[in-house]
Amino acid sequence: MDVILFALFAFIAVAAAINLVVQTHPISSALSLIGVMGSLAALYLLLGGEFIAAAQLVVYAGAIMVLFVFVIMLLNAGTEKKKTIKNSYARFFGIPLLTAFLGLIAFIIQAMIPPGDGVVFGKFTGGGPGEVGIKLFTSYLLPFEATSILILIAILGAIVLARKEIE
Amino acid sequence: MPQLPTSVPLSWYLLLSAVLFGLGIAGFLYRKNIITVFMSIELMLNAVNLTFVAFSYKWKHVDGHIFSFFVMVVAAAEAAVGLAIILTIFKNRQTLEIDEVDSMKY
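Going down the list, the sequences are from chains A and B.
In case it helps, our numbering puts the first sequence at residues 1 to 167.
In case it helps, our numbering puts the second sequence at residues 1 to 106.
Next up, chain A with everything else stripped away, as it sits in the complex (with noise of 0.2 Å):
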């Protein structure tokens, strides 16, 4: 069950990825993302991390797409004019040489990690929002005041940015 699961969610991922990059058109290419991001949600609820799926949901594939969403409809993006490859290398080489160096990093991931146990989904219960919230307020404080601070910047920096001049 474990395996067919997995094996569901990492195709709708790598599915959707690859939808993004050949898309011409953006808003294709959000839905796509959002796609691969639900996806990576049930992946970390099978890997026992409850608070990390909902908030990818709520966060990732809620706040921030709806922000790439409404810039996209603002402005009105259209489809990118078509363009040919100049380098005749990239043309004919690119795509094998991307599966042999995806090839090869697989190789170095199976000889390193050890053949341990697999992933079993319930195996691993401290990733819920008690256990989270715990680490968070207690040995990541000053981090998480810090990204407070980061957030107020971010929001002042992005008003400061898109505000419209007067005259």
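FYI, nobody ran anything at the bench for these hints, they're computed from the structure.
Please read all numbers here as calculations on a predicted model, not as lab measurements.
Some hints here could point you the wrong way.
As a list, the in silico DSS-like pairs of lysine-lysine whose alpha-carbon atoms are at most 27 Å apart [said to hold, decoys possible]:
{"no.": "1", "chain 1": "B", "residue 1": "Lys91", "chain 2": "B", "residue 2": "Lys32"}
{"no.": "2", "chain 1": "B", "residue 1": "Lys58", "chain 2": "A", "residue 2": "Lys123"}
{"no.": "3", "chain 1": "B", "residue 1": "Lys32", "chain 2": "B", "residue 2": "Lys105"}
{"no.": "4", "chain 1": "A", "residue 1": "Lys135", "chain 2": "B", "residue 2": "Lys60"}
{"no.": "5", "chain 1": "A", "residue 1": "Lys135", "chain 2": "B", "residue 2": "Lys58"}
{"no.": "6", "chain 1": "B", "residue 1": "Lys91", "chain 2": "A", "residue 2": "Lys164"}
{"no.": "7", "chain 1": "B", "residue 1": "Lys60", "chain 2": "A", "residue 2": "Lys123"}
{"no.": "8", "chain 1": "A", "residue 1": "Lys135", "chain 2": "A", "residue 2": "Lys123"}
{"no.": "9", "chain 1": "B", "residue 1": "Lys91", "chain 2": "B", "residue 2": "Lys105"}
Use these hints to put chain B onto chain A, whose structure you have.
What follows is chain B alone, placed relative to chain A:
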């Protein structure tokens, strides 16, 4: 026919993360629309988050979840500022093609 494993090896998660990161790099280099380039960066951040959560499972620690939570927060801040920059570029140049925004190149 090889027997299907009963549990998913951790390396499969890392491999999925590597594939998603590679696709993010491909989109970042290949696409010409500035918004799609920005979305490719988000895809790469997501791939790294998957690695964090997978290793968090491996070591039975919640620290990886905290790290990926911080990555999400930084990504939200980055998206807000980055999209404001894109709005400003469009306001000044009426284009979203990254090849046409090259005045600092020469």
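Each hint, compared with the structure:
1. Lys91(B) x Lys32(B): Distance ~18 Å between Lys91(B) and Lys32(B) Cα, so the pair holds.
2. Lys58(B) x Lys123(A): 10 Å, holds
3. Lys32(B) x Lys105(B): Cα-Cα ~16 Å, so holds.
4. Lys135(A) x Lys60(B): Given pair Lys135(A), Lys60(B) holds - Cα atoms ~14 Å apart, limit 27 Å.
5. Lys135(A) x Lys58(B): 18 Å, holds
6. Lys91(B) x Lys164(A): 10 Å, holds
7. Lys60(B) x Lys123(A): The hint holds at about 9 Å.
8. Lys135(A) x Lys123(A): Given that 27 Å is the threshold and the Cα spacing comes to 20 Å, the pair holds.
9. Lys91(B) x Lys105(B): Since the Cα atoms of Lys91(B) and Lys105(B) sit roughly 20 Å apart, the hinted pair holds (cutoff 27 Å).
When the structure is compared with the earlier hints, no violation turns up for any of them.
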